[in-house]
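Protein chains in written order, with the working numbering: chain V, 1 to 233; chain A, 234 to 645.
Simulated from the structure, these hints should not be mistaken for lab results.
All C-beta atoms in this analysis are idealised placements derived from N, C-alpha and C, irrespective of residue type, glycine included.
Just so you know, not all the hints are guaranteed correct.
[As the list claims (entries may be wrong)] Covered stretches of chain V (in silico footprint by chain A; criterion: 3 or more residues with CB under 8 Å from a CB of chain A, positions within the stretch not fixed):
(1) 48 to 58
(2) 70 to 78
(3) 91 to 98
(4) 108 to 122
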Amino acid sequence: MIRIRDIHKQYEMGPTVVHALDGVSMDITAGEFVAIVGPSGSGKSTLMNIIGCLDTPDRGEYVLAGEPVAELSDDQLAEIRNLRIGFVFQNFNLLPRATALENVELPLIYRGRGARARRRVAEEMLERVGLADRMTHLPSELSGGQRQRVAIARALVGGPSVILADEPTGALDTRTGGEIMDLFHRLNRDGVTVILVTHDPALAAQTGRSFRLLDGRIVGNGLIDNRREEAVQ
Amino acid sequence: MKLGAQMIMLWENGAMSLRSILSNKGRAFLTALGVMIGVASVIGLTALGQGARVSVEGRLSHLGANLLIIYSGEPRGTSLVRQRTTNIAPMLTREDLTFLDSLPQELVTKTAPESSMNAQLKVENRNAAATVIGTDPDYPDVRNFRPVYGAFFTELDVESRRNVAAIGVQVYRDLFPDGRDPLGQTIRINGFPFQVVAIMEEKGSPTQDASVLIPFSTYRRSLSGSDNYAIINVQAASPEVMYELQEIIERELLSLRRVPSMEFANFYIANQMDLISTVTGVADTFTLLLGGIAAISLLVGGIGIMNIMLVSVAERTREIGVRMALGAKPRHIMTQFLTEAIILSAGGGTIGVLLGNLFSWGAQRFGGLASLVTPESVLLAFSFALATGLFFGGYPAYRASRLDPIEALRYE
Ligand SMILES: Nc1ncnc2c1ncn2[C@@H]1O[C@H](COP(=O)(O)OP(=O)(O)OP(=O)(O)O)[C@@H](O)[C@H]1O
Ligand SMILES: [Mg+2]
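Input sequences plus hints: build the corresponding full structure.
Here it is in structure tokens:
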């Protein structure tokens with residue numbers, strides 16, 4: 001499903017060059033639930049942006065569902081982002097002047113779904129993340145955790161086949177975070193591939209396996225099988 | 234994407250643009266203001282130009298409809314305006330007039346010869362100067378200069394060479410300041426007694442208002458002694474035949490005089506059509522000029538739209554990034570901003586059309602100016618405004634659509 005080979009991404013900041021990704025390779029099969037862990041600044045978000053077809057690597061190969069992403073047009077990329085990928089951004093990226101409901105409807109607009117169908121699906125999604133009573137609020141009128149849940153609802157509303165969640169429970173208490181994780185697990189059981197960036201080892205442990213990033217590289221052969229570790233312990 | 238989905242996208246774009254415009258009404262108004270003023274001035278100023286045209290046309294038709302004027306002498310400058318020429322040797326003959334009267338009804342409806350001179354008028358001990366015109370009973374019809382009181386002299390008056398006179402309003406005011414009924418009163422023209430039979434309508438032109446009309450037969454006997462006419466007015470049957478008629482007359486009058494060409498002729502013909510096309514040509518140029526100035530202001534309005542749209546795109550970079558991240562294609566972003574520019578310019582244009590009409594109405598009502606809003610100018614100004622919006626909104630919209638999603642998301 002996802003095949004990444006020797007990807008590099010660097011940023012030139014004046015004289016110094018930051019290697020955000022420095023030769024990352026990974027394979028993720030359809031239906032997997034994986035975690036990406038690593039210290040702050042290690043390149044996790046950068047990698048997620050590339051997997052989500054938002055950013056392009058300087059060097060290296062990325063094949064998504066058999067298609068080399070580098071060869072896709074802007075329109076094709078937009079379609080992939082719209083139809084196949086659900087992205088929960090680390091900083092939410094909600095439209096400040098749109099209500100929670102309108103934010104959640106956004107991906108459906110670009111599919112050309114009618115207003116009524118859109119609204120129904122979006123409402124359903126907001127209910128599932130526990131925001132039934134906050135639909136007409138603007139992001140500025142919501143708490144951090146509520147905003148995060150709007151962002152999650154927006155990522156899930158289009159029924160994507162891949163969910164990219166960058167610290168999706170960072171602003172949530174343990175119980176709400178647990179509910180969100182349950183949601184991801186349920187979707188994963190239905191066949192959705194979930195890629196989760198997290199700092200929380202307990203959350204990472206709930207996934208199938210983890211990649212550990214350090215200074216833009218995958219360490220430990222890039223493969224930590226959570227279940228086997230558990231078994232060893 | 235299927236057609237239905239396309240329609241939904243279009244609708245969504247409209248709704249989104251409208252929302253974004255409404256969320257900043259003050260700025261939207263200022264943005265559209267340039268277009269508003271541009272459209273209003275195109276409509277208002279061309280209305281003044283066209284108003285001038287129509288009023289000049291109207292005034293020209295006061296001369297009489299479908300008028301050809303044959304003058305004695307050589308053409309001089311814009312002879313057209315010189316309606317009455319005293320002191321020119323009358324060189325148009327009775328033969329000429331007979332020929333003109335023999336022309337078929339499809340070409341000529343009426344003719345009226347005239348000669349004129351300056352004369353001294355006297356009633357009791359009051360004196361006045363006036364132009365005395367000797368002419369025929371058809372003169373009021375041909376020159377569209379009619380009596381308002383009393384009756385013009387008749388064929389019978391001409392045949393019996395009666396001393397009767399129709400006087401211009403100015404003459405009436407000069408000679409009868411007490412405002413008494415002048416009909417039947419006797420005035421003296423160069424010493425000869427004439428009986429007043431009519432007062433002519435007020436034309437606002439001194440040559441007409443200060444004239445006295447008498448039968449040509451009487452004029453010849455008492456005042457000039459010449460059989461010839463200084464001028465023959467010819468009323469053509471329709472505007473379409475006027476140039477043809479002019480040619481026929483020139484040919485025949487030249488041959489009567491045994492003269493090879495108009496260069497050597499002792500007459501010339503003023504064609505009302507020429508006058509109308511000259512004057513309306515000037516008015517049209519005027520309209521075009523005003524329209525051009527107004528179009529420039531519309532252009533400036535367009536630049537205003539571009540300016541604000543660029544700011545708006547910059548301000549909403551993150552929003553564009555979010556939309557792109559969620560699946561908006563470049564053309565979706567493009568249409569969103571283009572729709573916004575079009576709504577602004579169409580809105581500005583609509584208000585401009587109203588303002589332009591208001592201006593035109595006001596100019597007429599309170600400024601006393603002739604003003605005419607033509608549908609063409611409204612259509613032109615409005616479509617120009619739309620085109621301005623498309624054109625000047627196009628660049629910012631294109632810029633927005635070319636943004637890199639990840640850069641846009643990071644934009645602060
Ligand atoms: N646009 C950019 N310009 C310059 N440097 C960048 C840019 N984006 C990321 N970086 C650098 O690349 C490195 C990786 O950043 P990234 O956001 O991927 O880290 P991260 O692993 O997601 O960190 P965190 O856990 O704090 O979210 C950082 O050192 C960061 O400074
Ligand atoms: Mg990050």
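Hints, verified against the model:
no., hint, in the structure
1, 48 to 58, "holds (count 4)"
2, 70 to 78, "holds (count 3)"
3, 91 to 98, "holds (count 4)"
4, 108 to 122, "holds (count 7)"
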